[in-house]
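The sequence shown: position 116 = 116 (the numbering used here), numbered continuously.
None of these hints come from the bench; they were simulated from the model.
All figures in this text were calculated on a predicted structure; none of them were measured in a lab.
All C-beta atoms in this analysis are idealised placements derived from N, C-alpha and C, irrespective of residue type, glycine included.
Check before you lean on any hint, since a few could be wrong.
Claimed, not checked - Cβ pair distances, simulated, as ranges:
hint: 1; residue 1: T111; residue 2: F52; range: 35 to 45 Å
hint: 2; residue 1: A10; residue 2: A57; range: 38 to 48 Å
hint: 3; residue 1: A59; residue 2: R28; range: 12 to 22 Å
hint: 4; residue 1: Q24; residue 2: A57; range: 19 to 29 Å
hint: 5; residue 1: I50; residue 2: R88; range: 30 to 40 Å
hint: 6; residue 1: F124; residue 2: S40; range: 41 to 51 Å
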Amino acid sequence: MILIILLAIASGMALSMQAAVNGQLGERVGVVQSALLTFSVGAVVTALLIFFFAPPASATLLNVPKWQLAGALFGIVYMLVMVAAIPRIGVAIATVATILGQMVMSLLIDTMGWLGNAPIAFNFWRLAAMIAVACALACIYLANRPQARGEKT
1 MILIILLAIA SGMALSMQAA VNGQLGERVG VVQSALLTFS VGAVVTALLI
51 FFFAPPASAT LLNVPKWQLA GALFGIVYML VMVAAIPRIG VAIATVATIL
101 GQMVMSLLID TMGWLGNAPI AFNFWRLAAM IAVACALACI YLANRPQARG
151 EKT
């Protein structure tokens, strides 16, 4: 379990690096073009991984419930928003805001048992974690204001 948590932390670090790189790329070539490049490279690499390493699966994209294919659309929303947001608000605010959004939705999914997931009870610790992330977002936002950095507005 600890290994999976560490891998999830590493993937979060990779997402922040991806956001920073794509934010810069989006400034140069455009938001949508940056997203297209990212998804194109990702599709090629994923296809190679499937071809060389993936074990056979009992289901294919053609016979899974169609609502499960919507995950790709959510990735597009994330990519476009992050590429547009990073140059304007920075990697930290955009990332923490994304994490807060993820926490709100994930706690709803867990608590309600949505999307085929087993319900997990909402409790004080889950609420405290969400409040802590909201406070982190507020602190980073306030620290980024020009007067907090000693700059004149």
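Evaluation of the provided hints:
1. For T111 paired with F52, a C-beta distance near 40 Å keeps the hint of 35 to 45 Å intact.
2. A hinted range of 38 to 48 Å is violated for the C-beta pair A10 and A57, which are about 25 Å apart.
3. Under the hint 12 to 22 Å, the C-beta atoms of A59 and R28, about 40 Å apart, miss the expected range.
4. Range check, Q24 to A57: about 36 Å between beta-carbon atoms, so the 19 to 29 Å window is missed.
5. Our hint of 30 to 40 Å for I50 and R88 holds, since their Cβ atoms are close to 36 Å apart.
6. Between F124 and S40 the beta carbon distance is about 45 Å. The supplied range of 41 to 51 Å therefore holds.
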